[in-house]
Amino acid sequence: MAMREFAERGADLELVGIHKRFPGFTAIEELDLTIPAGSFFALLGPSGCGKTTTLRLVAGLDEPTNGRILIGGTDVTATRSHERPVNTVFQSYALFPHMTILENVAFGLRRRRIDDPAGKAHEALRLVELDHLAQRRPQQLSGGQQQRVALARAIVNRPALLLLDEPLGALDLKLRRQMQLELKAIQEEVGLTFLHVTHDQEEAMTMADTVAVMNKGRIEQMGAPEELYELPRTAFVANFLGQSNLFTGDVVGATDTAIAVDAAGSRIVVPTARAQRHSGQVTVGVRPEKVELHREQPVVEADRNLIGPGVVTDVSFSGVSTQYLVEIPGAGRVLVFAQNIGFGPAAAEGDRVWVSWAVEHGFGLEDTPDESRFQADASTSAIAAQHRDALVAELEEH
Amino acid sequence: MSGEGQAGAVLGGLAESEQLEQRPQPTRERPRRGLGRWLLPTYVTIAFAFLMIPIVYTFVFSFNDSVKSNIAWRGFTFDKWLNVCNVEGGAVCQAFGNSIVIGLVATVLATTLGTMIAIALVRYRFRARSAISLLLFLPMATPEVVLGAGLAAQFLAVGVPKDMLTIILAHTMFCISFVVVTVKARVASLDPALEEAGRDLYGSPSQVFWRVTFPLLLPGILAAALLSFALSFDDFIITNFNSGSVSTFPKYIYISAARGIPAEANVIASAVFLFAMILVITVQVSRAAREKRLAKLS
Amino acid sequence: MAFAAFATAEAQPQAPRKRSAIALVLLAPGIAYLVLFFLTPLVSLLLTSLQVQSEFGDIGEFDYAFNWQNYVDVVTSYWPHILRSFGYALVATVLALVISYPIAYFIGVKARSKPLLQGILLVLVIAPFFISFLLRTLAWKQVLSDESFIITSLKALSLMAPDAHFTGTPFAVIFGLTYNFIPFMTLPLYTTLERLDLRYLEAGGDLYASPATVFRKVTVPLSMPGIVAGTLLTFIPAAGDYVNASRDFLGGPGTQMMGNVIEANFLVLLNYPAAAALSIILMAAILILVGIYVKRSGTEDLL
Chain A
1 MAMREFAERG
11 ADLELVGIHK
21 RFPGFTAIEE
31 LDLTIPAGSF
41 FALLGPSGCG
51 KTTTLRLVAG
61 LDEPTNGRIL
71 IGGTDVTATR
81 SHERPVNTVF
91 QSYALFPHMT
101 ILENVAFGLR
111 RRRIDDPAGK
121 AHEALRLVEL
131 DHLAQRRPQQ
141 LSGGQQQRVA
151 LARAIVNRPA
161 LLLLDEPLGA
171 LDLKLRRQMQ
181 LELKAIQEEV
191 GLTFLHVTHD
201 QEEAMTMADT
211 VAVMNKGRIE
221 QMGAPEELYE
231 LPRTAFVANF
241 LGQSNLFTGD
251 VVGATDTAIA
261 VDAAGSRIVV
271 PTARAQRHSG
281 QVTVGVRPEK
291 VELHREQPVV
301 EADRNLIGPG
311 VVTDVSFSGV
321 STQYLVEIPG
331 AGRVLVFAQN
341 IGFGPAAAEG
351 DRVWVSWAVE
361 HGFGLEDTPD
371 ESRFQADAST
381 SAIAAQHRDA
391 LVAELEEH
Chain B
1 MSGEGQAGAV
11 LGGLAESEQL
21 EQRPQPTRER
31 PRRGLGRWLL
41 PTYVTIAFAF
51 LMIPIVYTFV
61 FSFNDSVKSN
71 IAWRGFTFDK
81 WLNVCNVEGG
91 AVCQAFGNSI
101 VIGLVATVLA
111 TTLGTMIAIA
121 LVRYRFRARS
131 AISLLLFLPM
141 ATPEVVLGAG
151 LAAQFLAVGV
161 PKDMLTIILA
171 HTMFCISFVV
181 VTVKARVASL
191 DPALEEAGRD
201 LYGSPSQVFW
211 RVTFPLLLPG
221 ILAAALLSFA
231 LSFDDFIITN
241 FNSGSVSTFP
251 KYIYISAARG
261 IPAEANVIAS
271 AVFLFAMILV
281 ITVQVSRAAR
291 EKRLAKLS
Chain C
1 MAFAAFATAE
11 AQPQAPRKRS
21 AIALVLLAPG
31 IAYLVLFFLT
41 PLVSLLLTSL
51 QVQSEFGDIG
61 EFDYAFNWQN
71 YVDVVTSYWP
81 HILRSFGYAL
91 VATVLALVIS
101 YPIAYFIGVK
111 ARSKPLLQGI
121 LLVLVIAPFF
131 ISFLLRTLAW
141 KQVLSDESFI
151 ITSLKALSLM
161 APDAHFTGTP
171 FAVIFGLTYN
181 FIPFMTLPLY
191 TTLERLDLRY
201 LEAGGDLYAS
211 PATVFRKVTV
221 PLSMPGIVAG
231 TLLTFIPAAG
241 DYVNASRDFL
251 GGPGTQMMGN
261 VIEANFLVLL
271 NYPAAAALSI
281 ILMAAILILV
291 GIYVKRSGTE
301 DLL
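Chains as they are written, first to last, in the UniProt record's numbering: chain A, 1 to 398; chain B, 1 to 298; chain C, 1 to 303.
Okay, chain A solo, but in the shape it has when bound (with noise of 0.2 Å):
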């Protein structure tokens, strides 16, 4: 067998214009992606977006349409799933519960016919340290266990590339932050390749070298987690890779550092930089936490944007910040969040305010949201999916 010999430090992931069609949809447009070796790189994306399916092209479970994957080079888009020197931790684990744990990490040595098969399956498990629990069942292990279980599995076969399909769906919210940083510490011990697919943007951030971020079938943005964040492209990204304040309005002014954009009234000035498009009618915006709340009227700065008045509609009180909705006359609706330096909230419902922020904070996107900025935040549908998701997780685990 050819791939008997795998690589130690992982392998490259080329895909080459890769398109996939499902009887009725297509779930993968024209996707193009290289991943270094030795990466930890996470596909982000609401449900639906295309991201599992390219996992599963990846793994060789499912064929494409048209294009190439190359893994180390080695063109492996004919071969299949046996075949390739990738392996996949499933998002529902998918261990055999007719094999005790450790048959279950050896399946693949065994089938590859790799010399001591127990011993290094032990060795996989003492990593994971659920080497105790070898000759258990799966059913018998709570859910982080079989995570744990579902990873020696994979990585005791030393594969270039190693998948993980949501592995951390199914855990709740503690346990999943604990295998997050476990997960992070196997990458870094082992050197593999990860490919890592999820709808969870924290998870992405937080595990990820680099995160690419899609929607229906295509890759939106890529990139370092803080990059996609401090200045997303798209007002998908800019929604689903946390909140945004988004403003779309004609350019009515160009320097060589930065445009002004007129959103009803109001000037937003965006650094040249920080903006895709320096011409015609943009959408320009800035993350919550950056913009500032005023009580009074404060002086016009250079290196600031301010817009205002506007009233205070809602405030609530997390403990850590606030978060105020501001509803400005012309520019809609302004999210802003407060740390709570003070005592309280600075402001209440109905208070008239001002809001600023530095102009080297904002971003000018590629295109305008489909529809009004608040309808197009899928981020509130894909927390309340996460809570939903923890919650069930929560109330099967007891």
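Note that these hints are calculated values from the structure, not bench results. Careful: at least some of the hints might be erroneous.
Here are the simulated lysine-lysine pairs, DSSO-like style, with alpha carbons at most 30 Å apart [claimed, not checked]:
| id | chain 1 | residue 1 | chain 2 | residue 2 |
| --- | --- | --- | --- | --- |
| 1 | C | Lys110 | B | Lys292 |
| 2 | B | Lys292 | A | Lys174 |
| 3 | B | Lys292 | C | Lys114 |
Position chains B and C against the provided structure of chain A, taking the given hints into account.
Positioned in the frame of chain A, the structure of chains B and C alone reads:
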């Protein structure tokens, strides 16, 4: 749905329940006061006593020191148990043996064919799916006398003489649908990710089938086989139409009913009953023990 | 489990994923078998039911024809048997339902917190399956014969006329049918009641329903799939049964059902067309009744 004993249906049920099912959590009901509390348990006790009467009767009369017909109680003896084949030149044992052979062959055929259909139904897309589902449902909704008469008319029209083979062909036919229903449930409950994991872990298609799919389907397949055997073993109506001169155990009883059943028939029926009960209870107890062990561990 | 298949509307299985030649290989043998030994026999039966007696032939020799007169003949001669079959089956089904529901409710709901008791009771429900159907029926014949303890006691207590019989009467046949099909009724009922979420009952009580109303408005509708499955599993074989009604078992000359007539015509009188015509009538009637029943009870997805 054979009119006769469906031991296997239940054996099947027991083996089936191996799959871990999410059940509503048991809730303890608030105990009711007074008479109402005892009404249902009393009724159930009486109902079970009623259900058991013919079984106890058959068992007791297997020890009757009867001469020809086994109607009046003539004293206790072990003779019939010890010399079960000595009556009428061993006709009972001959019939019993035929029933076993027919049951085994029909079970193997029906289980194989039915399992294949069940896998295809769950796992693949194909045209005429609803027509095939109907074809599988109809034998279960057709009265046995119609199945029996139909096959007999067919064998008559083609000129096939009735013997063991025609019985086996008939039994296999009515068992297939029950196998499909039983195994299908198991295939549908099988997480496809398990087979994908097998492929992902370097298992070739045949290795994945034999090491992952088949062992996981096995409880369902065994249940279906037990069901088939029980259906075949106790079938009388369809057999009666398609057996010619071949005797089976139920047919033997039907024919001798007019002149009196020898106690040896009761012996065989009681022995089969005891064997099946021991099997069922063993399965139940070992399952309970395993669940207890699981509960303790988790 | 076959009963479960009747009792629970199947959850939609995962969308079948692929078209493949393998499907054909898996399906072909079994489907061919059913076409050959189930479907073709039905066609044979239909053709046989239209045959005429050979002009110069012996008894039992017939020629193919289109003699629909056979149907008129069997209905004229056997209409009492036809009515009896469905009448007996209907009464037995209702009785079996009434007797089984409390049993199933007890095992599935009351005994839920005691798995051991539940297991034992289930084994007891199925115990009759393990002993020959025919022997059980014969046992009842002896237990309820004129000389038996039960009947003589009833007569001594003047609860029965001194010259009355039990075996050989329609009551005995219905009794036998009911007894024999109680497990077929109880198991599907148990299967649905066992899955009944008790919180619905609590919610019913919380919303001011009396226990009787909760039973009528919540428990019964939720156990409908089990009721439909159980009644079908009882009614269909009971309508076609001929063992209970047979003279050597619990029946008498006046209790013969369609099954008895079909058997006699086919195996004794060798009047194949009459037997075939009756079979076709039985099957058609059952399919129509089942179709209407399933539609009315709103459980089409069972089929």
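Hints versus structure:
1. Of the pairs offered as hints, the one joining C/Lys110 and B/Lys292 holds, with about 21 Å between alpha carbons and a cut-off of 30 Å not exceeded.
2. For the proposed pair B/Lys292 and A/Lys174, the alpha carbon gap of about 29 Å is at most 30 Å, so the pair holds.
3. Taken as a hint, the B/Lys292 and C/Lys114 pair is honoured in the structure, with Cα atoms around 13 Å apart against an allowance of 30 Å.
Every hint from the earlier list agrees with this structure, and none is contradicted.
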